[in-house]
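> Let the hints inform the model, and build the full structure from the sequences given.
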Amino acid sequence: MSKPPDLVQGTLDLLILKILALEPLHGWAIGVRLKQVSGDVLQVSDGSLYPALHKLEQGGWIKATWKATENNRRAKFYELTRAGRKQLDQEMANWSRLSTAISGVVRLKQA
Amino acid sequence: MRALDIVRLRLRSLFRAADVERELDEELQFHLRQRIDDGIAHGLEPAAARRTALLAMDRIDLAKEQCRDARRLRPFEDLVRDGRLALRTLRRSPGFAIAAILSLALGIGATSAIFSVVNAVLLRPLAYAEPDRLVVVRHGSTVASPSVFLAWRERTRTLDRIGAAEYWAPNLAGSERTEQIVALHVSVDVLPLLGVEPQMGRVFTPDEEHAGADHVVVVSHAFWKNHMAADRDGVGRGVTLDGERYTVVGVMPQSFRFAPFWADADVWAPLVLDSRRADTGASLRVFARLQSAVALPRAAAEMNEVTAVIDREQGHTVAGAEVIPLLDVVVGGVRPALLVLLAASGLVLVIAGTNVAHLQLVRAASRERELAVRSALGASRPRVVRQLLTESLVLGAAGAAAGLVFTFAAVRILIALAPASLPRIATVSVDGRVLLFALGATLAAGLVFGLAPAIRGTRFDVSDSLKSGGRGMGERGGRSALRAAFIVSEFSTAMVLLAAAALIVRSFVSLLAVDSGFDPRNVLAMDVSVTGTRSAMPSVRPEFYRELITRVQAIPGVQSASAINHLPIAGDIWLFPFAIDGRAIARAGERPKATYRVVWPGYFRTLQIPMSAGRDFTAADRVDAPHVVVVNELLARRYFPSGNAIGQRLAAGDLDKPDWWSIVGVVKTVKQASWSEPDREEIYVPYLQSPLYLQNPKSFATYLSVVARTAPGVTPPFAAIESAARSLEPGAVVSHPTTLDRAIASEFVAPRFYMLLVGVFAAVAVVLAAIGIYGVMSQSVESRTREIGVRLALGAGRSQIVRLIMGYGFRLALAGSIVGAVGAIGFGRYLRALLFGVEPSDPATLAVVGVTLLAIACAASYLPLRRAIAVDPMTAVRCE
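So the protein lines, in turn, are chains A and B. Start counting the first sequence at 1; every next residue gets the next number (this note's numbering). Start counting the second sequence at 1; every next residue gets the next number (this note's numbering).
In short, the hints are calculated from the structure, not lab data. Among the hints, erroneous ones may be present.
Some residues of chain B that are not near chain A, with every Cβ distance over 12 Å (derived) [as the list claims (entries may be wrong)]: (1) Q29; (2) F30; (3) H31; (4) A56; (5) S147; (6) V318; (7) R433; (8) V540; (9) A613.
Straight-line distance between alpha carbons at most 25 Å, and here's what the computed DMTMM-like set of lysine to aspartate or glutamate pairs gives [unchecked claim]: (10) A:K76 - B:D621; (11) A:K67 - B:D572; (12) A:K63 - B:E23; (13) A:K63 - B:E21; (14) A:K76 - B:E197.
Label-pair ranges, simulated between beta-carbon atoms [said to hold, decoys possible]: (15) B:R433 - A:M92: 51 to 59 Å; (16) A:S99 - B:R10: 29 to 37 Å; (17) A:E23 - B:T52: 43 to 51 Å; (18) A:A21 - B:T52: 40 to 48 Å.
This structure is a prediction, so every number in the text was calculated from the model and none was measured. All C-beta atoms, glycine included, are put in the ideal place defined by N, C-alpha and C.
This is the structure:
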C-alpha cells in the first residue's frame, strides 16, 4: 500500500479550516471530505487529524458541539469561530503567496 | 472573545480533566465505528472490518497523548501527580512527616503570632483621616507651655491645623455616686484636625475657647451609652463635672479613641487659654496636621526656627521644637522591643526550616535508590528535583495549616499576657495581612529549605546507586558538608536566641533585686478627691484630709496612715526646677529639676522609708511656721557632699522670686515613676505649707492619695476608707484602690512578657537544634558502622571510637557556638531595649550559654554513641 504524500507542514490546519468553512463536520467526515475534494491525493492519518483538531480548538479557531449524526450516533461536530474565519483568510493569503512562489521556482526552465 | 474561549477551555482541561478525557475517548470511539461501517460498506465481513479499522488506528494511544499535549497542560497535571505522590511518600514515613510538620508549625506559628502583634501595634495606620500627616509637636523634647503653644498657632506656615490637649480627671456626678473619669481639655482645632466626624451633634466652635462659653463637652460613644443611656436626643443634655454644669454638644463614633495614649478619655471640653497667655508651665501636648504639600522635614525645620525665635522672645534658653509623626509617638516606645521579638521568632523559623531541610536530606540519603530508579526509568533531573520540591511544598502547606492553628491560639495567649503599656494590643487579630505573611513565610521556608536538599540530594551517579543498593556507601563529601553547615547554622541560631534569653533573664533578676527604697508589703493606697464639693474650699480642705487620716488610722488593722500627692511607681511625677540658697541660680531651661512631692506627716513611717538624717514633718509644720522640706539622699549627696544638708535652704518652682525652705530631713532615695529608671533628686514638702496645694482650687490640688500600712494578713480595708471619706464629705470620690505590691507587680508585666516570649523561642530553638544534631549523629554512626567494626576488629579501643564519633558532633556544635556568639553580640545591640543592668555582650553570659549548648549537643549525641560502642565487629563487617 503506497503511502499518501505527507502534507506540507502547517497546511493541514489550512485544509481543515477551509473544509469547516463550508459546513460544520465531525472528525471522520473531515477526513472523508478531504479525500474526496482532493481526488484521493490528500489523505490525513487519524494520528494527525485529531491532535490538529484539538490544537485548533484550544487555539479558539474552531469550536466543538456534540450532535447526532444522520445515522443517530453522537459525534463531536467542529465549526469555525469568527477568529477562525479571519485566520482562514490569512492562511489562504499566505498559501497563495507561498504556492505562487513555489510554482515560479518549479517552472524554471532547466538549462 | 477568542481569549475568553481559550481561558474557558484551559480551565476545563484543568478542573474537568475526567470529562475532557471521556470526550476524547468518545470522539475516537465514534471515529472507529465510522471506520468499521466504512469497511462493511466496502464489502468486508464485520469482524474483518473491525480488524482493519483497529489496525488503521493502532497508534490511537499516541494520537490521544498528542491530543492531550495539544491541550498543553502537562505542568499542571504533573503538579497534581507530584502532589499525590508526595502525600503517599509522606504517609509512608509518618515519623519524618510529623517531625517536619511540627517544626514548621512552631516556626510559622511563632513568627505569624508575633507578626500579628507587630501588625496591629506598629503597622496598622491610626484610625484618623490621612493619619500619616498627623504629627506631635514638642517644645525641645517635652510638652509645651500655653505661651509657646499660642505663639506656634499664630506663626506656623507648614502646619494646617495645630491643637493642644491637657489632661483632666474630673469628678462626674451620677445619680447614685460621684466618680472620677478621664477627660481632656482640647483646643478648638484638635477634634477637626483628626478628621473624624461626630456621630451626633458637632465639635467645638472657636467662641467656645473663651471663658463663659466653654461649658460644653463632646463625649465618647462609651460615655453616651453608659452615662446617657444611649439617648438619641442626648445632644443638649447636661452633665455635672467637678460640680459645674456642662452641655453635651456632640457624641463621637464608637471607633474613636483620642489621644492614642489616653485612649480611655471619655469626655473632651474646650481648653481655655485666655487667662494663661503668659503661662510658661509646660503641660500641653500639641498635635498638628501637616499641610498637604509639606513634607515632615520641612515642617520640622520651620517649627524649629519659629520656636528658637519664640524662646528668645520669652527669655528661655533656645530649646527649639521637635515634630514627630503621631504614630511614632504612639508606638515608638514599644517598637524596638517588638522588632526584637519579631526577629527572635524569625530565628525560630530559620531553625525550623533548617531542621526540615536537614530531615529531608537525611531522607534523601535513604531514598537514593528510589530516586535512582526514577532517573533510570527516564525522569529527568529537573523532574526529580520538582518531585522533591513538591514534597517540600506539601510539607510546608501542612506545616502552615498547623502553624495557623497555633497562631490563633498564640494570639489569644499573647493578648492575655501582654502588658497594658502595649498600645492597641486589644486590636491584635489574625487578618489578611497576617495570613499573607504566614503564606510568605511558608513559601520561603518550603522553597529555600526544600531546594538545597533537593538539588544536593539528586546529584548522584545512577549506576553507582543502583549497584550498591543504597547501602553502606558512607557519606559523600558534598552532602555531609551541607549537613555539617546545617548543624553549624542551627547551633549558631540557637546560640543567638539562648544568649538573648539568658540576658533577659539576668535583666529580670536584676530588676527583682532593685531596692525600691520603701517596704511595699501591706501598704494600700487610694485616691480621695473632693473636687467640686464644699470640702474643696482651701479653708476647709486641710481639715478634711487631717480628719480622714485620723479616721483611717483608727480602722482596725491599720498601723499607720498618711497621704501624698502622687504615689511612687503608680502615680504621676512633677519635675520642678530648684536652686540652693547661696549658690548661683542657673538660667531658665538649664536649671536642675527634682521630683516635687507633697506629703502629710507620717508618710515616711507608713512606707517605711528610712530617715538617714534629721526629722519627719509634724503637725506643727503649718503655713505660719518656718517652711521646711525633706530631700532624698541623692539630692543631699550631690549638692551637699560633706553631709551638711540639714539646715541648708533651697527653693523649688518659681526661681525668679525664690522662696527659701529649710532642709530638716534626709530620706532614703526611692523609685519614683518606674522600676527601672535611674534615681532622681526628690523634694518633699509638707501639705500644710504648700501654697500650690493649700490655696489652689484646681482639681489636681483637691485630691490626695491616702496610704495606709496594715498588719500582715489584714485584707486591705478599702471600703472602710471609702465610707470614712463619704461620712466626712458625701461628694468625695474614691478611686484607684491598689496595694503597693500590686502597683510594683504591674511594673514587671512587660519584662516578664518579653522574658517569657524570648525564653520560649530559645527553648524551641534549643530543642530543634538538639533534634538536628541527634539526627546527624545517628546518620553518621549508621553510615560508619562498618568502619567502626573494622576499627574495632583491628584493635581500636572503645574510647577511641567515642572520640571519633563525639569529636565530629562536638566540632560542629563548637563551630556553631562560636559563630553564634558573634551573632549574639550583634543581636545584643538591638536587645538593649529589653535589658536592665546587664550589657548585651556580657562575656560571662555568652560563655555559660556556649557551654550549655555544647553540653546539650553531647547529650543529644549520647544515644547514637551508645549504638556505635555496641557495634559487634563481626556483625558490622559481615553486614554488607
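> Hint by hint, say whether it matches the structure.
So, going through the hints one by one against the coordinates:
1. With a minimum CB-CB distance of about 10 Å to chain A, Q29 of chain B fails to clear the 12 Å threshold, and the non-interface call is violated.
2. Against chain A, the non-interface label of F30 of chain B is violated: not every CB pair exceeds 12 Å, the least being about 5 Å.
3. A Cβ of chain A approaches the Cβ of H31 of chain B within 12 Å, the least distance being about 5 Å, so the stated non-interface status is violated.
4. At roughly 7 Å, the least C-beta separation between A56 of chain B and chain A is not larger than 12 Å, which violates its mark as non-interface.
5. The claim that S147 of chain B is not at the interface with chain A holds, since no C-beta of that chain comes within 12 Å of its own (minimum 77 Å).
6. Every CB of chain A is more than 12 Å from the CB of V318 of chain B (nearest about 75 Å), matching its label as outside the interface.
7. In this structure R433 of chain B is separated from chain A by more than 12 Å, as the shortest Cβ-Cβ distance comes to about 39 Å.
8. Residue-level check passed: V540 of chain B sits 95 Å from the nearest beta carbon of chain A, beyond 12 Å.
9. Distance to chain A confirms A613 of chain B as a non-interface residue, since its nearest Cβ pair spans about 98 Å, more than 12 Å.
10. Of the supplied pair hints, the one linking K76 of chain A and D621 of chain B is violated, its CA atoms being roughly 111 Å apart against a limit of 25 Å.
11. Straight-line distance between C-alpha atoms of K67 of chain A and D572 of chain B comes to about 88 Å, which puts the hinted pair past the 25 Å bound.
12. This hinted pair checks out: K63 of chain A and E23 of chain B have alpha carbons roughly 14 Å apart, not beyond 25 Å.
13. At roughly 17 Å between alpha-carbon atoms, K63 of chain A and E21 of chain B fall within 25 Å of each other, so this suggested pair holds.
14. Of the pairs offered as hints, the one joining K76 of chain A and E197 of chain B is violated, with about 65 Å between alpha carbons and a cut-off of 25 Å exceeded.
15. R433 of chain B and M92 of chain A have their C-beta atoms about 56 Å apart, which keeps the hinted 51 to 59 Å range intact.
16. The supplied range of 29 to 37 Å is met by S99 of chain A and R10 of chain B, whose beta-carbon atoms lie about 35 Å from each other.
17. With their beta carbons about 28 Å apart, E23 of chain A and T52 of chain B fall outside the hinted range of 43 to 51 Å.
18. About 32 Å separates the C-beta atoms of A21 of chain A and T52 of chain B, a value inconsistent with the hinted range of 40 to 48 Å.
Checked against the numbered hints given earlier, this structure breaks hints 1, 2, 3, 4, 10, 11, 14, 17 and 18; the rest are met.
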